[in-house]
Amino acid sequence: MRLRARVALPLAIGVLPLVALVVWAQGELRRGALVDATADGLVERMTERERALCEADPAAWVARTRERRRSGPRRAALRGLPRRAELAVYDARLQPASPESPPLDAALASALRSGGDAASRVFGPRQRPMLAVAARMPWSTGRCAIVVVQRPYPGGDRRGVWLTALAVALGAIGVAVLAVGPVVRRIRKLTTAVAAGAAVSMDGDDEVAELARAFAASRDENRARVAELVARDAALTRFVANTTHDVMLPLTVLVGHLAALDEQLPAAETTSAATVRAALEEAHYLTSLVQNLGVAAKLEAGEPHVVWHEVEFVPLVERVVARHTRIAQQRGVSLAHSVPDAPLRVRGDVTLIEQAVSNLVHNAVRYADVGGHVAVVLERSAPLRFELRVLDDGPGVPEALLARLGERGFRTDEARSRQPQGFGLGLHIVHDVAARLALTLQFARATEGGLLVTLSGVCLPA
Amino acid sequence: MSDRVLVIEDDAALGRQLVAQLERAGLKVRWIRDGDEARDVELDGVRLVVLDLMLPGTYGLDLLRIFRTRSDVPVLVLTARNETADKVRALELGADDYVTKPFWPEELVARVQARLRRPTMTRGDLLRVGALEIDLAAHTVTVDGVAVELTNTELELLTALARRPGAAVTRRSLVEAALDLGTERTLDVHVSRLRKKLPDAAPKIVTVWGIGYRLEVDAGVGGATR
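Read top to bottom, the protein sequences are chains A and B.
The first sequence lines up with residues 256 to 717 when you count with this note's numbering.
The second sequence lines up with residues 32 to 257 when you count with this note's numbering.
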């Protein structure tokens, strides 16, 4: 609900009944005052002489009194009663004092019987209401113990008063709504500034200005906090990059030493050769792990860390295959690849794609049997589509588990028993990279019995 | 032209290894350890530069920029920061390829050889792989100068393989290149006949599991020309 409605509605709900109550109470007070004045006037007028005349002949007294009021001097005739007032008298038992007097109104009679000295009732048409006032005389015997006067009652028609009250109430609501206008404008200005992230400043010392100052303070605090987090993230990224750099160099040298040692060992030294090759394999795994952790951190960091550019896919595949050639050889696995003669470019992030392809080849080589095969094929499957297939004749993966291969931490029982040191990060990264770069990743059982992984997507024109 | 490779790497241990690995691959190597020293190096006669990015003195990318103002020599960048932005920047500045540390000796040598093996055109209509020579204009094949009679399909198959000697060629590519109406099954029949017709001195047609076939050549730089 808008602010103006919030102000107008409670006012309507609260003010209208209040004005009605005041109008009603005012009417009741006026009527009470008029009844009291009329009753007092009757008692005052009923002197001993008037009582005697009334007691002697109530009908004649009523007629004479009416005549005197209509034709006599104004001051004497009125004494608190209007000219059009009609009188009637009743005895102490509330019976008419003369046959001309009508029976006493039941409501008035009831009120008098309950002990009151005066009673009143409004009656007649709404346009010309009448007020009947019954007054008990200071005596309780005789035929003129109760005098009733019926007089016009202009205050009985309260339509004008009600209309005035309603107009006042509506006017008050209108004024309130108009008064809220500047506040609404200030709040809107504040909302626009906050939404735009702009500096929030508001003149004055009202609540809106206080709110603006609170927003400004909160904004400054949040900015400082974000800046602190960004700085911390940058420091952490630098730390990881520097650490990675520091790890990569000795790892490269270590790999080189091991490779040289492997080549220099005489064929007869089978034990030493086996040790060196085991060390080479561990070093290979370690390099892959370090690269994967770097890429996983990049993926976790989200879209801003993905650098979109044109990736040359052919040298990428050649690099990956070269990286795994020695390990494949020493495991007795044949690793072959085929790439198109012409350049094949895709839009993506070379680091992510290279690590994804590397993980696929690494996986295929690691889980292949001795004497097994791994084939990596990159080709243009349509003018604007590429397909990369990594195929092996290893143990494969049961059909029911193929869909779970991209899950983080998922490893088949076969994988656990063959390579206990892995923790299922490699294929998850492939899955994540494919999703991030809008590539399609499919796992299938190869006709040769092993696993066929296909990574496909859009490529640039040749 | 000499096979001289210029290595610019500040780390002593890695530098020694790079030199040894490239020399084992039959290349002559010159090693420079400092970026400032490399700024004014003579690039004439250098066939390829292996350039580390994190160098004391002049930074690797700055060196690359300097090299590109005066030479088109292929540059292979070594980077330890596995950051895409660095690689893209290097390629934009004119690097031809990169290798990310940690790399394997054969990975580096393979990339160097791939750059050095860029085919050189001798005659547009002649393919030569070892003892095998294919005259594309005359549709003739000789091995050590002795003519070999082949059908059109066999000639197309051999040509498709010889165009990329040493590289595995997919069955699909071979079918598209040589068989108008054939399938991958008939491909095997044609290859089998071709193998029988080629004398022992000719390069061997090797089956590559999961891919197709490859025309085998002796390992080494510049194994084929055309």
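Because the hints were derived from the structure by calculation, they are not lab data.
On a predicted model such as this, the values are computed, not experimentally measured, just so you know.
Don't take every hint at face value.
Looking from chain B toward chain A, a few residues come up when the C-beta cut is under 7 Å (computed) [claimed, not checked]:
(1) D41
(2) A44
(3) G46
(4) Q48
(5) W62
(6) P87
(7) Y90
(8) D93
(9) P133
(10) A199
(11) T201
(12) D231
(13) K235
(14) T238
(15) V239
(16) V248
Now the stretches of chain A that chain B is said to cover, found in silico as 3 or more residues with beta-carbon under 8 Å [to be verified]:
(17) 309-317
(18) 427-436
(19) 462-476
(20) 501-508
Note that the Cβ used here is the ideal one computed from N, Cα and C, for glycine as well.
8 Å C-beta criterion, at least three residues: is the stretch 427-436 of chain A covered by chain B: Violated - the stretch 427-436 of chain A has 0 residues with a Cβ nearer than 8 Å to chain B, which falls short of three.
Given hint P133/B near chain A, where the shortest CB pair must fall under 7 Å: holds (4 Å)
Hint check: is the beta carbon of P87/B less than 7 Å from a beta carbon of chain A? With a minimum Cβ separation of about 14 Å from chain A (threshold 7 Å), the hint on P87/B is violated.
Is the hint on T201/B kept, meaning its closest Cβ partner in chain A is under 7 Å away? Hint holds; T201/B Cβ to chain A Cβ min 5 Å, cut 7 Å.
Is the hint on A44/B kept, meaning its closest Cβ partner in chain A is under 7 Å away? Constraint on A44/B satisfied, holds at 5 Å.
Between the stretch 309-317 of chain A and chain B, are there enough contacts, at least three residues with CB-CB distance under 8 Å, for the coverage claim to hold? violated (count 0)
Under 7 Å is the threshold here; is the Cβ of T238/B close enough to any Cβ of chain A for the hint to stand? violated (10 Å)
Holds or violated: is there a CB of chain A closer than 7 Å to the CB of Q48/B? holds (4 Å)
Just to be careful: measuring from the Cβ of A199/B to every Cβ in chain A, is the smallest value less than 7 Å? At about 4 Å, which falls below the 7 Å cut-off, the nearest Cβ of chain A leaves the hint on A199/B intact, so it holds.
For the stretch 462-476 of chain A, do at least 3 residues have a Cβ located nearer than 8 Å to some Cβ of chain B? Per the Cβ count (0), the hint is violated.
With chain A as the partner, please determine if G46/B meets the hint condition of a C-beta pair closer than 7 Å. violated (10 Å)
Does D231/B pass the interface hint, meaning its C-beta sits closer than 7 Å to a C-beta of chain A? Not OK, violated: D231/B not within 7 Å of chain A, min 24 Å.
Violated hints for the displayed structure, listed by number in ascending order: 1, 3, 5, 6, 7, 8, 12, 13, 14, 16, 17, 18 and 19.
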